[in-house]
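Novice: Listed below are the residues making up each chain.
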Amino acid sequence: MTPLIDTEMLDIESLLKEMVAHVLAMHENAKKAMDTNDAAMAVKIIKRDELVNNLDEMINEQSLALLATQAPVAKDLRTAIATIRMATDLERIGDYAKVIAEFIIIGRPVYGPFKVHIDSMYDVFMSMLKESTNLFFNPDLKKVYEIVARDQLIDAQLKKAFDVIKSALAATDDPSDVLNSFNIMRTLERAGDHSKNICEAAIFKVKGKKIDLG
Amino acid sequence: MDEFVYEVSNLNLFYDQVQALKNVSMNIKKNQVTAFIGPSGCGKTSFLRILNRLSDLVEGCTINGTVKLLDEDIFSPSMDVFDLRRRVGMVFQKPNPFPMSIFENVAYGPRCHGIKDKAVLKQLVLESLKQAALYDEVKDRLNKSALELSGGQQQRLCIARALAMKPEVLLMDEPTSALDPIATAKIEELINTLKKNYTIVIVTHSMQQAARISDTTAFFLLGELIEMGPTKEFYATPSDPRSENYITGRFG
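If you read the sequences in order, they're chains A and B.
Here the working numbering is used: the first residue of the first sequence is 1, the next is one more, and so on.
Here the working numbering is used: the first residue of the second sequence is 1, the next is one more, and so on.
So here's chain B without its partners, still in its complex pose:
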């Protein structure tokens, strides 16, 4: 039976008076890549940001409905938001390494969460860099500034930084939109490897990327979840005409 990491029911999101998500319900399967697609302004990034409550940081944002992470309501008063964000890491569109060394970038999160033992930190950093398929390229310059890395390497460093927190879920908001095709291919390969140990949710504007790397695709339009299903079926025989029109480029 499928194991769900997230169970979302009747979720509504308002930015002041504007409703950005309308009654969205979905389940996100464990150890799968789930892709959110849809035109700009459809609500996919807003939805992603709810999953680790980054939405809390947006002024005027009101949410109702239920979001459960492994059976725990993420909006429950007992939920520790900092722990939620440790469990649910995020990688953004533009690589955003801290202006510090490669090593320190990855060690920063665990250190903030109280890990002081140097040997433990070192092991965690190396393990995370290896998992992010970056270690071989940076092993001789761990103390150099992360800003010296290429865009693709910086993005993998950001993934390593998220992995160092031992998350259960990785959220990725258009993680390759600023990268060239070679760097994009490396990130995609990495995503495919990481899903063995993590659940990944990705927002992408590249429908071909969603088709290549995801197991499940969810299509959003004007704040509604129109269709969600196995990617292979979604791209071969979408059931809703709006999905068909969008993915075949005949939208509007």
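So that you can see chain A by itself, here it is in the shape it has in the complex:
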């Protein structure tokens, strides 16, 4: 007979996996929509964010019920707490896809000289998101540091772009495209930080300790 707690935890895990799938798809589509200035796709991304928010609420409610009724301990307790943390980070990462989609709807979001930086940041961030979420479900702590180290690449790109923004602002009468592009980069930088948090949640799930990954 399967313990009741296993059934409830599997339910919550499937909600979390659904959330991961939505957030990954939102960012994959945000990148595509950004490359093609596809406002219709951007609208779909914004709608999808509501699903992600609902899933986050459902995970919180079901986790609260699990804590109240099943009194989880040991790995169950660590998983329950790590799941709540990861859902919070995913919800924020989903919000960032929505922010990028809103820039796309405004029109012409990527200022030419930034494109190379944004593409690079997006690629690194997507690899971090895919692998950190996979790591949460299939813990392999050896991989954590490798994933987290990539966040420095994102930060470095943002730093490089800062010089570009200064000259771009001086050369244009309408700084909105420049600022929009820079905001997208800032958004990706924050999304990278949240992927790092997911790595921390994966460690917590196994070790029951918060390890600051920098």
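Hints are computed from structural coordinates only; laboratory data are not their basis.
Check each hint, because a few of them may be wrong.
[As the list claims (entries may be wrong)] Simulated pairs of lysine-lysine, DSS-like, Cα-Cα distance not exceeding 27 Å: (1) K232(B) x K207(A); (2) K166(B) x K116(B); (3) K118(B) x K166(B); (4) K98(A) x K159(A); (5) K160(A) x K98(A); (6) K209(A) x K232(B); (7) K68(B) x K195(B); (8) K130(B) x K144(B); (9) K232(B) x K210(A); (10) K139(B) x K196(B); (11) K32(A) x K47(A); (12) K29(B) x K209(A).
Once you have looked at the hints, place chain B on chain A.
Specialist: Quick look at chain B alone, frame taken from chain A:
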């Protein structure tokens, strides 16, 4: 540095040919609550009963190994067993008040140990009832039968009865398993208060109770001590997979 009340080394217990405890070693810290958990038949109650040599009363029971109470070997010929049981009080699963008044229940032990002065006895009884958080509920009916009390009150009376002997250690064998949640909460609160002055060792089948009230948890399985450590760590990150499986309900 931690001060230990009990230091147990390589303890083995046999009931005739059946080995109930296998090479158990542990230290029990002073002024802490130590909880023993484990499935039925794992040896936790047998171990508890060794600590004040109640095990002596079991026919066919053989023990080897060392149990020191504050550096004194409890099996040493010089150990006075009656004094040991005064120093190490016990509260059982089912409240067992004597069929006499509330006052006499608490006065009985000290009187048997020679305290005859009525004023001294009265002071000892009132002090013990207060320590057991029962005084306010019974102060107007001290001469009424203890059997009129509720189950939770009877159990606190048994705790008062043990405290009247001025023990150093209180052993509790599933002290709340026959009580409702409100009476259980009162006993748990009491245990938390009492640990300031006493060392408490509790056997419980409620893992949540062990998690709530104990500082240290020891997990027994098939007569072996599998793991013992700070309760918060034990319930968050147990180190032995058998402990993990037991506390998460996936044992077997």
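Novice: Decide if the proposed pair is consistent with the structure: K98(A) and K159(A), CA atoms, cutoff 27 Å inclusive.
Specialist: Satisfied, since the Cα-Cα distance of roughly 24 Å is no more than 27 Å.
Novice: Compare the distance between the alpha carbons of K130(B) and K144(B) with 27 Å, and conclude whether the hinted pair is satisfied.
Specialist: Given that 27 Å is the threshold and the Cα spacing comes to 17 Å, the pair holds.
Novice: Sort out whether K232(B) lies within 27 Å of K209(A), counting only the CA atoms.
Specialist: With Cα atoms ~12 Å apart, K209(A) and K232(B) stay inside 27 Å; holds.
Novice: Is it true that the CA of K232(B) sits at most 27 Å from the CA of K210(A)?
Specialist: Cα-Cα ~15 Å, so holds.
Novice: Keeping to a limit of 27 Å between CA atoms, is the pair of K32(A) and K47(A) held or broken?
Specialist: holds, 17 Å
Novice: Taking only the CA atoms, is the gap from K29(B) to K209(A) under or equal to 27 Å?
Specialist: Holds, at roughly 26 Å.
Novice: Please verify whether K68(B) and K195(B) have alpha carbons no more than 27 Å apart.
Specialist: holds, 20 Å
Novice: Between K139(B) and K196(B), does the CA-CA distance stay at or below 27 Å?
Specialist: The given pair, whose Cα atoms are some 24 Å apart, holds under the 27 Å limit.
Novice: Hint check: K118(B) vs K166(B), CA-CA at most 27 Å. Holds or violated?
Specialist: holds, 17 Å
Novice: Check the hint pairing K166(B) with K116(B) against an upper bound of 27 Å on the C-alpha distance.
Specialist: holds, 16 Å
Novice: Between K232(B) and K207(A), does the CA-CA distance stay at or below 27 Å?
Specialist: holds, 14 Å
Novice: K160(A) and K98(A) were given as a pair; does the straight-line alpha-carbon distance stay at or below 27 Å?
Specialist: Between K160(A) and K98(A) the Cα gap is close to 25 Å, so the pair holds against 27 Å.
In summary, this structure violates none of the numbered hints.
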